[in-house]
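Asks: For reference, the chains in residue letters:
Protein chains: 2
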Amino acid sequence: MNVLIVHAHPEPQSFCSAICTRAHARFRAQGHQVRVSDLYASGFNPVAGPDDFLERQDPDYLVYALEQRHAYEGGTLAPDIRAEVAKLLWCDLLVLNFPLYWCSVPAILKGWLDRVLISGLVYGGKRFYDRGGMAGKQALVTLTLGGPAHLFTPDGVHGPLDEMLRPLLRGTLGYAGFDVMPPWFGWHVPYASPAQREALLEAHQRHLDALAQMQPLRMPRLDAFDERLYPRSPLSA
Amino acid sequence: MNVLIVHAHPEPQSFCSAICTRAHARFRAQGHQVRVSDLYASGFNPVAGPDDFLERQDPDYLVYALEQRHAYEGGTLAPDIRAEVAKLLWCDLLVLNFPLYWCSVPAILKGWLDRVLISGLVYGGKRFYDRGGMAGKQALVTLTLGGPAHLFTPDGVHGPLDEMLRPLLRGTLGYAGFDVMPPWFGWHVPYASPAQREALLEAHQRHLDALAQMQPLRMPRLDAFDERLYPRSPLSA
Chain A
1 MNVLIVHAHP
11 EPQSFCSAIC
21 TRAHARFRAQ
31 GHQVRVSDLY
41 ASGFNPVAGP
51 DDFLERQDPD
61 YLVYALEQRH
71 AYEGGTLAPD
81 IRAEVAKLLW
91 CDLLVLNFPL
101 YWCSVPAILK
111 GWLDRVLISG
121 LVYGGKRFYD
131 RGGMAGKQAL
141 VTLTLGGPAH
151 LFTPDGVHGP
161 LDEMLRPLLR
171 GTLGYAGFDV
181 MPPWFGWHVP
191 YASPAQREAL
201 LEAHQRHLDA
211 LAQMQPLRMP
221 RLDAFDERLY
231 PRSPLSA
Chain B
1001 MNVLIVHAHP
1011 EPQSFCSAIC
1021 TRAHARFRAQ
1031 GHQVRVSDLY
1041 ASGFNPVAGP
1051 DDFLERQDPD
1061 YLVYALEQRH
1071 AYEGGTLAPD
1081 IRAEVAKLLW
1091 CDLLVLNFPL
1101 YWCSVPAILK
1111 GWLDRVLISG
1121 LVYGGKRFYD
1131 RGGMAGKQAL
1141 VTLTLGGPAH
1151 LFTPDGVHGP
1161 LDEMLRPLLR
1171 GTLGYAGFDV
1181 MPPWFGWHVP
1191 YASPAQREAL
1201 LEAHQRHLDA
1211 LAQMQPLRMP
1221 RLDAFDERLY
1231 PRSPLSA
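Just so you know, the sequences run in chain order A and B.
In terms of our numbering, the first sequence opens at residue 1 and continues consecutively.
In terms of our numbering, the second sequence opens at residue 1001 and continues consecutively.
Looking at chain A on its own, in the form it has when it is part of the complex:
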C-alpha cells in the first residue's frame, strides 16, 4: 500500500509530530511505501488564489474551481500543487495528522485541502461521495487535542468530536470518495504524564494495526438520490 501522511504542526518536537514519525515507521514496518508532506517544514502556501494557475481560462474573473479544472486538464497548475496532486494520486491511504485548532484543521492544512483536492479530478458534477474521484482510496484522520475525552461525550460540553469533524470527515473526505476510516484522537495531550503519553502512542499504534479490520464510516450513496439529487422515496427505489 502507498501511504501519504500530510502533517501540519508548527513544532517538530511536539507530541503530534511524534505521532507522525511513529506512523511513518509503523507503516514502513507493515511493508508499505510511505511519503510525508510536512506542511510547516516545506513552508506550504495555504492560500487559494490566482497564482495557483500558470495560465488562466478567464484572466478577468476568478472562479477558482473552474480554473482548477482547466489547469489540471492543461497541466498548468502551480508546481507546488502539482507535486501534492501527484502524491495524492499515488497514495492508497491518505493520513491527515494535525493538532485540533478551533475544532478543525490548522489553516495550513485547510489550504492543502482547498488547493490540492481539485475540481475535475477529486470531484465535479455528480462525482462525489461513492462516485467521488478518490473512490477506492482510504483516508484516516489522526489528531491531537488539549481537551479530555469527557468533554466530547454525547452529553459532554462540546458534544461528540465526530460531529465537530463532520465537514472534514463527511463534507471533505467522504465527499471526495475516500473510504473514511474511524479517526484516532490523542486526548488531553498537553496535560498528559510521560506514562499517559506512552499509552497514547501505544493506542495510536494499535489503531494503525487494526486499520485493515475496520469498517469505514457510513457515507451517503448517490443511488439513494435522483438525478436532481432529491432523495428517492423508498417506494420508488
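Since the hints were made in silico from the structure, they are not lab data.
Glycine included, C-beta positions come from ideal geometry on N, C-alpha and C.
Derived list of chain B stretches under chain A, where covered just means 3 residues or more per stretch with a C-beta under 8 Å from a C-beta of chain A:
id : segment
1  : 1007 to 1018
2  : 1043 to 1055
3  : 1062 to 1073
4  : 1102 to 1113
5  : 1163 to 1174
Dock chain B against the given chain A, drawing on the hints supplied.
Replies: Structure of chain B alone, referenced to chain A:
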C-alpha cells in the same frame, strides 16, 4: 454599534464580495460604524507559527496557545495580529463573510481564526461558551456556496448546513462567547440568474435588517457542568 466584517474571497468582483460591500453600506445606513478586514486584499498570512511572537516565553519549544497568552500580556504579538485583535476588541458585531470551501471557511479565514482569537483574551481555562472572552458581542456568518438548498435539508444528500458549520458556529464562535446569530446562506450562486442574484441580495439585506429581532443560536451554558466539566445531574442542579 461597531461592526467588523472579515471578508475572504479571492475575486473582488464576485457575488460574495458584493455581499461584503452591501453589508458595509447597509450597516452604515443603519447608523453603525463599520470596518472591513479584507483578507485577500491585505495579503493576510494565515499560518500560525513561531513568527507570530516578537519574543518567546520558551524559544526552544512552541506551545502556540501559551505563547499567545504570553505575547498578548506582554504586548509582543506580531503587528498584523495585534491590528486584528484591536479591531476584534473594538467591534460589537463580528461578521464573517466567505465562500464555502469544503463545507468550511477558506484557509485564509481559518488562519484569521487561528491567529487572532488568542488564548488569554478570547478563551482560556474555564473562559468559554457563556463565560468566553467575547461574551457580550455578536457574531454573524454570511456565506455563499455553489450547491442549492435542497442538498442541505435534513434528508438531503449533505444534511443540514448548520451541522456542517458546527465547528465554526459552536466550536469557535459560540466557544469564544459570542452570541451567534442565525447565519445567512447565499445558495447556488454560480448558477443563479441575474434575477435570482438580485433576490439573494434582497434576502441578505432583509437578514441584516432583522438581526436585532433575532435570537442567537442556543449554546451550552457552563453552569450545567461541574468544576471538572462533567454534566451536573438534574437532581443536583
